[in-house]
Structure formats: C-alpha cells, structure tokens
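S.K.: Using the sequences provided together with the hints, build the complete structure.
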Amino acid sequence: MKKVMLEARELTKYFDVPGGKLHAVDKVNFQIHEGETLGLVGESGCGKSTTGRLLLRLLEPTSGDVIFDGVNITKLSQREFRKYRTQMQIVFQDPYASLNPRMSVAEIIEEPLLINKIYNNAADRAKRVKELMDTVGLAPRLLNVYPHELDGGRRQRIGIARALALKPRFIVQDEPVSALDVSIQAQILNLMDDLQDEFQLTYMFISHDLSVVKHVSDRIIVMYLGVIVEMAESQELFERRLHPYTKALLSALPVPSVDIETEPIILKGEITSPINPKNACRFAGRCAYRQDLCDQQQPELRELHPGHWVACHFAENLVQTEDIVVGGSLSHPDSTVTKPSQVIEEEPVTEVEQAKSEESNISK
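Just so we're aligned, residue 1 is where the sequence shown starts under my numbering, counting upward by one.
Worth double-checking, as some hints may not be accurate.
[Unchecked claim] Calculated lysine to any residue pairs in the SDA-like style (CA-CA distance at most 25 Å, straight line):
1. Lys83 - Lys21
2. Lys3 - Glu131
3. Lys214 - Gln196
4. Lys130 - Phe30
5. Lys75 - Thr62
6. Lys2 - Pro306
7. Lys83 - Glu131
8. Lys75 - Met5
9. Lys214 - Leu267
10. Lys83 - Ala139
11. Lys278 - Ser63
12. Lys21 - Ser63
13. Lys278 - Thr62
14. Lys3 - His305
15. Lys75 - Ile115
16. Lys3 - Leu76
17. Lys167 - Asp292
18. Lys247 - His215
19. Lys167 - Glu198
20. Lys75 - Gln31
21. Lys127 - Tyr146
22. Lys2 - Phe30
23. Lys2 - Gln87
24. Lys117 - Leu56
25. Lys21 - Glu270
26. Lys83 - Ser63
27. Lys167 - Ala139
28. Lys83 - Lys117
29. Lys247 - Asp292
30. Lys3 - Lys21
31. Lys117 - Glu36
32. Lys27 - Val4
33. Lys21 - Met5
34. Lys214 - Pro264
35. Lys117 - Arg82
36. Lys278 - Arg9
Quick caveat, the hints were computed from the structure, so don't treat them as lab data. Nothing here was measured: the structure is a model prediction, and the numbers come from that model.
M.R.: In structure tokens form, the structure reads like this:
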C-alpha cells in the first residue's frame, strides 16, 4: 500500500455569521496517499473548496489537524511552515480572476521563485520560467503578453506553471476546468495527468462534475453540507453507492446506452441549515429513507466494505434501486430492495444563501 502523504483529522472550519456559526467543514477525516488523485465532489456550498484551503493552510482551521509527512502542520508557526509551503500548491478555479492582469506571463510564473528566493540571479529565473512554459505547452512568444490577451485554456496553463514553479509534491486542483470550454477541458485534464506521471505528483481534485471526477480520480469523497457522507475507490463508488445522497448524484449522470432507461432521483424536502446544525443527519430533510434515528443522531463515517466508508445509519439495508452501466457492462445489485420508509413530499427550498456566499468568497 502506498505511503500516506497527507491526513485530515477531525478537520473543522466554522465561520461567524449573523445568527451563529456556519459549519463549512465539520470534523472530516481522510487520508491522501502518495501519487494518487483523491476526488472531492458535492454541490456548491458543501465545503469542498474550504477543505482544500484548510489542507494548504490558506485558511486556519477552527479545530482539527492536518498531518503532512508525519508532521502536524497546523501546529507550526508561519516561519516553521514555510519549508512545507513550497511542497503544497493550488490551481485555482477561475483562470480569469486568479492571474494578476498587470503582470506578464513571465512575471506571473517568476513570482513564486522571487518570493521564495529560489535562484540568485535573473538569468536562472528566466531559464526556469521558459522551462515551465515548455512543460505546460505555452509558446515562448507568450513570455511578455498579459492574461487578458489569452484564452481561458492558456490562462489556466499559466496557473499550472505557477503551481509547478517550486517543484511541489502535492497540488489541490480546485475545479480547474469548470470555467473552461468543453473542448479545452480535456486538454487541461490530460496535461495534469501527464504532469502527475512526470513529476510523481499527488492531487486533490475538487469538482461538482461527477463524470470528470470519475475519469481522473483513484478514490472519491462525497461531501454534503460540510460532512463526508461517502468515500471509496472510484470504480467501487460508481458500482455500489451506499449513501442516499450519492445515489441521487449518480442517478443524474447520463447512461451511454439507448437500451437502458434511467430516471434521476429528484430530491425533495427541506435543506438543513449549515448554521448551528443540530446533532442529526444533515441529509435527513431530503432523504426518502428517513427514520426517527436520523433526526436524533448524526451518523458516523464507518467502513462497510474494505476501503468503502459511508455515513448513514441504515446503509446496510439500502441498495441500488436501478441497474447502472459501469465500464460498459450492466451491473445488477444482488440484494433485496429496501423500500423507503417515508417519502418527503414538500417542495424543495432554496439553499441557505450564507453558505453559498461564504463558499464563493473563499473561492475568489
């Protein structure tokens, strides 16, 4: 088994908002192994980007720990953390907002080299910048152009080159292709995959696009309102999803067969407020399998199958109610279907605006 590079232990982040504390990330636990890509999925406002920033200490946690190479980096001073900072980088979501419009391509890529005093003279820095541009597929003629002169794909390549400048080992990819045209997305994803092989990189890939996450990830975490609801290897998650929320997410994916009819699971009911949530299942208000225990106790994340973790009181009794296509073959669940004990008929309400606003502000 690969060595654990990074671990989150009871990692928590609350934000003060009118009326209480917004639980953006609430006691999450997971590990990231060397050389793997860990996917992190969930709807807007669930805490994905906040989690990524906590791992890099771009945000300080309310409580909990981040262990990097056996060192608890949350306990280090900024001076002590500096040597780890170069090993952990991020590729931001919006290539139109994450680059300084007053700096040329060369200046943007050179900036981390200057800040960290990697090279003593300008000639060495210029050589390194040209190497990085070649690595990400940017032509030398773009050295002195400005971001507004380039399309989204080239801008994101600049962001990737900047992230690679300090030779990191771990990179958080915060929805790196969501702002790009579909025709460009595959190019960037293939580039990141090639770079991972070339430089032995470890990734956390954050996205709300399940198709993309399945394509790039070795393992996948599903988050809902600040908590992890399911975690498994990519293929395992798509073949045997155990949490009702994961079932709903995956039911929305198109099935590449004209012979199979599928219907997305429509989530109905009230969305739990992330502000001062009670000790209960965060998904209970929208769950068709809701029972009394769900309103009385928050389920713990537990391992039901080797490497497959789920936070649901009744996951053992829940099975897929539809056939799905996985890897081109039809997969049939082999256990008895459990009928919903209660169906929530209320109309869905709008998600708490504070949660969306907070997530949006952090992503900028």
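S.K.: It remains to establish, for every hint, whether it holds in the given structure.
M.R.: Results of checking the hints against the structure:
With a CA separation close to 33 Å, the supplied pair Lys83 and Lys21 exceeds the 25 Å bound. Restraint check for Lys3 and Glu131: not satisfied, since their Cα atoms lie roughly 30 Å apart, outside the 25 Å limit. Only pairs whose Cα atoms come within 25 Å are accepted, and Lys214 paired with Gln196 is accepted, the gap being roughly 17 Å. Of the supplied pair hints, the one linking Lys130 and Phe30 is violated, its CA atoms being roughly 37 Å apart against a limit of 25 Å.
With a C-alpha separation of about 12 Å, the suggested pair Lys75 and Thr62 falls inside the 25 Å cut-off, and the hint holds. In summary, the hint linking Lys2 to Pro306 is supported, as the alpha carbons are separated by about 16 Å, within the 25 Å threshold. Taken as a hint, the Lys83 and Glu131 pair is honoured in the structure, with Cα atoms around 23 Å apart against an allowance of 25 Å. For the given pair, Lys75 sits about 17 Å from Met5 by alpha-carbon distance, which is consistent with the 25 Å threshold.
Proposed proximity of Lys214 and Leu267 is supported: the alpha carbons are some 22 Å apart, at most 25 Å. A hinted pair counts as satisfied when its Cα atoms are at most 25 Å apart, and Lys83 with Ala139 does not qualify at roughly 31 Å. The straight-line distance between the Cα atoms of Lys278 and Ser63 is roughly 18 Å, inside the 25 Å bound, and the hint therefore holds. At most 25 Å may separate the alpha-carbon atoms for a hinted pair to count; Lys21 and Ser63 meet this at roughly 14 Å.
Proposed proximity of Lys278 and Thr62 is supported: the alpha carbons are some 18 Å apart, at most 25 Å. For the hint pairing Lys3 with His305, the CA-to-CA distance comes to about 21 Å; that is within 25 Å, so the pair holds. Note on Lys75 and Ile115: the hinted pairing holds, with a Cα-Cα distance of about 23 Å set against a maximum of 25 Å. Of the pairs offered as hints, the one joining Lys3 and Leu76 holds, with about 22 Å between alpha carbons and a cut-off of 25 Å not exceeded.
Restraint check: the Cα-Cα separation between Lys167 and Asp292 comes to about 51 Å, which exceeds 25 Å; the hinted pair is violated. The straight-line distance between the Cα atoms of Lys247 and His215 is roughly 18 Å, inside the 25 Å bound, and the hint therefore holds. Distance check on the hinted pair: Lys167 and Glu198 sit about 12 Å apart at the alpha-carbon level, within 25 Å; holds. About 18 Å separates the Cα atoms of Lys75 and Gln31, which keeps this hinted pair within 25 Å; it holds.
Our distance criterion of 25 Å between C-alpha atoms is met by Lys127 and Tyr146, whose separation comes to about 19 Å. Taking the CA atoms of Lys2 and Phe30, the gap is near 15 Å; set against the 25 Å cutoff, the hint holds. Simply put, Lys2 and Gln87 have alpha-carbon atoms about 19 Å apart, close enough for the 25 Å limit, and the pair holds. Restraint check: the Cα-Cα separation between Lys117 and Leu56 comes to about 20 Å, which is no more than 25 Å; the hinted pair holds.
Note on Lys21 and Glu270: the hinted pairing holds, with a Cα-Cα distance of about 20 Å set against a maximum of 25 Å. For the suggested pair Lys83 and Ser63, the alpha carbons sit about 23 Å apart, so the restraint of at most 25 Å is met. As the CA atoms of Lys167 and Ala139 are separated by approximately 21 Å, the hinted pair is consistent with the 25 Å bound. Between the alpha carbons of Lys83 and Lys117 the distance comes to roughly 12 Å, so the proposed pair stays at or under 25 Å and holds.
Between Lys247 and Asp292, the direct Cα distance comes to roughly 21 Å. Compliance with the 25 Å bound is thereby established for this hinted pair. Annotation: proposed proximity of Lys3 to Lys21 is violated, straight-line Cα distance about 36 Å (limit 25 Å). Between Lys117 and Glu36 the CA atoms are separated by roughly 30 Å; this puts the pair beyond 25 Å, and the hint is violated. For the suggested pair Lys27 and Val4, the alpha carbons sit about 19 Å apart, so the restraint of at most 25 Å is met.
For the hint pairing Lys21 with Met5, the CA-to-CA distance comes to about 31 Å; that exceeds 25 Å, so the pair is violated. Between Lys214 and Pro264, the direct Cα distance comes to roughly 18 Å. Compliance with the 25 Å bound is thereby established for this hinted pair. Restraint check: the Cα-Cα separation between Lys117 and Arg82 comes to about 12 Å, which is no more than 25 Å; the hinted pair holds. Proximity of Lys278 to Arg9 is assessed by CA-CA distance (about 21 Å); at most 25 Å being required, the pair is judged to hold.
Hints 1, 2, 4, 10, 17, 30, 31, 33, counting from the list given before, are not met by this structure.
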